[in-house]
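Asker: Letter by letter, the chains look like this.
Number of protein chains: 2
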Amino acid sequence: MKNIFIIGCGLLGSSLVRSIQKKKIAKKIFIYEKTKKNILKIKKLKLPGRIVKSVKEGAINSDLIIFCTPMSEYKNIILKINNFVSPNCLITDIGSSKIESSKIIRKFLKKKISWVSSHPIAGSEVSGPEHGKINMFNDRWCILIKEKNTKKNHLNILNKFWKKIGSKTVVMSPEKHDKIFSMTSHLPHLVAYNLVKSAQEFEKKQNYNLIKYSAGGLRDFSRIAASNEIMWRDIFFDNKNNITKAINLFIKNLNAFKKDINSKNNKSILKKLVQTKKVRSKIIKLKQDIDKPDFGRN
Amino acid sequence: MKNIFIIGCGLLGSSLVRSIQKKKIAKKIFIYEKTKKNILKIKKLKLPGRIVKSVKEGAINSDLIIFCTPMSEYKNIILKINNFVSPNCLITDIGSSKIESSKIIRKFLKKKISWVSSHPIAGSEVSGPEHGKINMFNDRWCILIKEKNTKKNHLNILNKFWKKIGSKTVVMSPEKHDKIFSMTSHLPHLVAYNLVKSAQEFEKKQNYNLIKYSAGGLRDFSRIAASNEIMWRDIFFDNKNNITKAINLFIKNLNAFKKDINSKNNKSILKKLVQTKKVRSKIIKLKQDIDKPDFGRN
Numbered sequence: 001m002k003n004i005f006i007i008g009c010g011l012l013g014s015s016l017v018r019s020i021q022k023k024k025i026a027k028k029i030f031i032y033e034k035t036k037k038n039i040l041k042i043k044k045l046k047l048p049g050r051i052v053k054s055v056k057e058g059a060i061n062s063d064l065i066i067f068c069t070p071m072s073e074y075k076n077i078i079l080k081i082n083n084f085v086s087p088n089c090l091i092t093d094i095g096s097s098k099i100e101s102s103k104i105i106r107k108f109l110k111k112k113i114s115w116v117s118s119h120p121i122a123g124s125e126v127s128g129p130e131h132g133k134i135n136m137f138n139d140r141w142c143i144l145i146k147e148k149n150t151k152k153n154h155l156n157i158l159n160k161f162w163k164k165i166g167s168k169t170v171v172m173s174p175e176k177h178d179k180i181f182s183m184t185s186h187l188p189h190l191v192a193y194n195l196v197k198s199a200q201e202f203e204k205k206q207n208y209n210l211i212k213y214s215a216g217g218l219r220d221f222s223r224i225a226a227s228n229e230i231m232w233r234d235i236f237f238d239n240k241n242n243i244t245k246a247i248n249l250f251i252k253n254l255n256a257f258k259k260d261i262n263s264k265n266n267k268s269i270l271k272k273l274v275q276t277k278k279v280r281s282k283i284i285k286l287k288q289d290i291d292k293p294d295f296g297r298n
Numbered sequence: 001m002k003n004i005f006i007i008g009c010g011l012l013g014s015s016l017v018r019s020i021q022k023k024k025i026a027k028k029i030f031i032y033e034k035t036k037k038n039i040l041k042i043k044k045l046k047l048p049g050r051i052v053k054s055v056k057e058g059a060i061n062s063d064l065i066i067f068c069t070p071m072s073e074y075k076n077i078i079l080k081i082n083n084f085v086s087p088n089c090l091i092t093d094i095g096s097s098k099i100e101s102s103k104i105i106r107k108f109l110k111k112k113i114s115w116v117s118s119h120p121i122a123g124s125e126v127s128g129p130e131h132g133k134i135n136m137f138n139d140r141w142c143i144l145i146k147e148k149n150t151k152k153n154h155l156n157i158l159n160k161f162w163k164k165i166g167s168k169t170v171v172m173s174p175e176k177h178d179k180i181f182s183m184t185s186h187l188p189h190l191v192a193y194n195l196v197k198s199a200q201e202f203e204k205k206q207n208y209n210l211i212k213y214s215a216g217g218l219r220d221f222s223r224i225a226a227s228n229e230i231m232w233r234d235i236f237f238d239n240k241n242n243i244t245k246a247i248n249l250f251i252k253n254l255n256a257f258k259k260d261i262n263s264k265n266n267k268s269i270l271k272k273l274v275q276t277k278k279v280r281s282k283i284i285k286l287k288q289d290i291d292k293p294d295f296g297r298n
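In order, the protein sequences belong to chains B and R.
Using the numbering used here, the letters of the first sequence map in sequence onto residues 1 to 298.
Using the numbering used here, the letters of the second sequence map in sequence onto residues 1 to 298.
Next comes chain B alone, as it looks inside the complex:
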């Protein structure tokens, strides 16, 4: 890899910049960032790489372009770089849903340009380059998206790239990807937003000061419900079919829980509560979370 161009230098973009430099993956790093606020932060942080004034400038000179913007910006950026990407360049992105963005890419990206999508399973409730971290992607899964026309050598390039970054990789179709993450990520975020919203409504209606008693569980959800709203709007809209199915399954199960509770069905509820407990140990065994109680936070 010679030159890498990061478009969008927020939490994940800036983490990539840090990691690419630390691991000496690129000769040159170019950075494009839209907001003045973030540009000032990047300069102050002395992040490695050269900030370019237009996406054109970065695109011309790069071998790998990584879209790290919200997915709703892909179209505009594609239209701006279409004429300037070299034929040997590979484009990827780190968006969290894949079917819809794949349609945008097919529709607007010039046919001779190559794009193979990635999705590193990493992030946090905070945004901005100041929160980026060198080890953001270490030991995390990165999903590489294989479509009908995806070339093997492009998958190989991305596979090498993400492994150098420190991630574990796995190849998936956009359809499988969007189904899995509707359940492991998109629904959890929606449910967290919805729980916090319900608590806010309840607080207002009852005129109780209840957020101060949030340490009993609500506080956990408030973290996820503080995630970037533009990014999450895009994900919810782009993966709406799978998310709708996930919501329906969730509501069906919640109504079954309600029935158990109202009929005090001891056997049925205990079976459920014992079953779900097993997932935590599985997650810890799979090293998807730390093993300390309470996330080790106290």
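Treat the hints with care, since some could be wrong.
Note that identical chains are pooled: a pair holds if it fits in a single copy or bridges any two copies.
[Unchecked claim] Distance condition first, Cα-Cα at most 30 Å in a straight line; then the derived BS3-like pairs of lysine-lysine:
hint, residue 1, residue 2
1, 22, 176
2, 252, 41
3, 112, 258
4, 264, 205
5, 277, 267
6, 23, 146
7, 2, 41
8, 204, 148
9, 212, 22
10, 176, 259
11, 204, 259
12, 146, 212
13, 277, 43
14, 37, 285
15, 176, 75
16, 53, 148
17, 41, 285
18, 168, 80
19, 34, 278
20, 271, 56
21, 148, 110
22, 245, 278
23, 258, 204
24, 212, 282
25, 133, 22
26, 107, 259
27, 80, 28
28, 264, 80
29, 292, 133
30, 103, 75
Hints were generated in silico from the structure; no laboratory data involved.
Since the structure of chain B is provided, determine the placement of chain R on it from the hints.
Answerer: The following block gives chain R in isolation, referenced to the frame of chain B:
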């Protein structure tokens, strides 16, 4: 305070034992624990206090009795100690819902014996005395329950006790308590159990290995969904009326979110996502959670 009797020495009971000794709150500590497994652990941990063989033995000799068992055990224990509690003794408990347990207490506790309920907002997904901690209740809210006949001097005794333990106290009616915690604690737990259950069902149906990709959000919920099943069954059953209302509000709001997503209602969804974000900062300001991103876990 002279002698304190802890009935049920699991996560919270053992934390109280540790804290009572460290802060020299009692002359003697008596411990009753039902399971042999926990008794062996208590001995191995060399927890302070004397393990008694019957609740009667501890009750006779104590000035303060603290029920730290699941709420479904209150009735049986009350019937065993009714004839042995001294008239000067005060009983409290640390149960998470109050209206139903108050009915049990009124029905079965002898009239001359005093019981004023407490609810320290503390806990974790792990159970057992080996996970107890001296600082479990430090700077945490402890709700003291005031009913019609609650005597002021009993509230004073409990207030002093919990403040010595390190908690902040607030007085509430059982009705207000059960409403607030249906939203800040009981619904969040139910929603977490339900999300994990839905993911398990989805995994089975789709034959996808999805738990390994849980770092995108699901892992947070799996922690809460690993909480003690007996304790949570009791809470769900005891506070079923408030929890049912909370479930209904939650489902109403989730359907509104679904509608926004399906109609791609940008304005409506962004308003919601921005609103809920504010709760996180409020929670951190109120010191109900740590201020590090991602609970500081990485």
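Asker: Broken hints, numbered, in rising order?
Answerer: Failing hints, ascending: 1, 2, 3, 16, 18 and 20.
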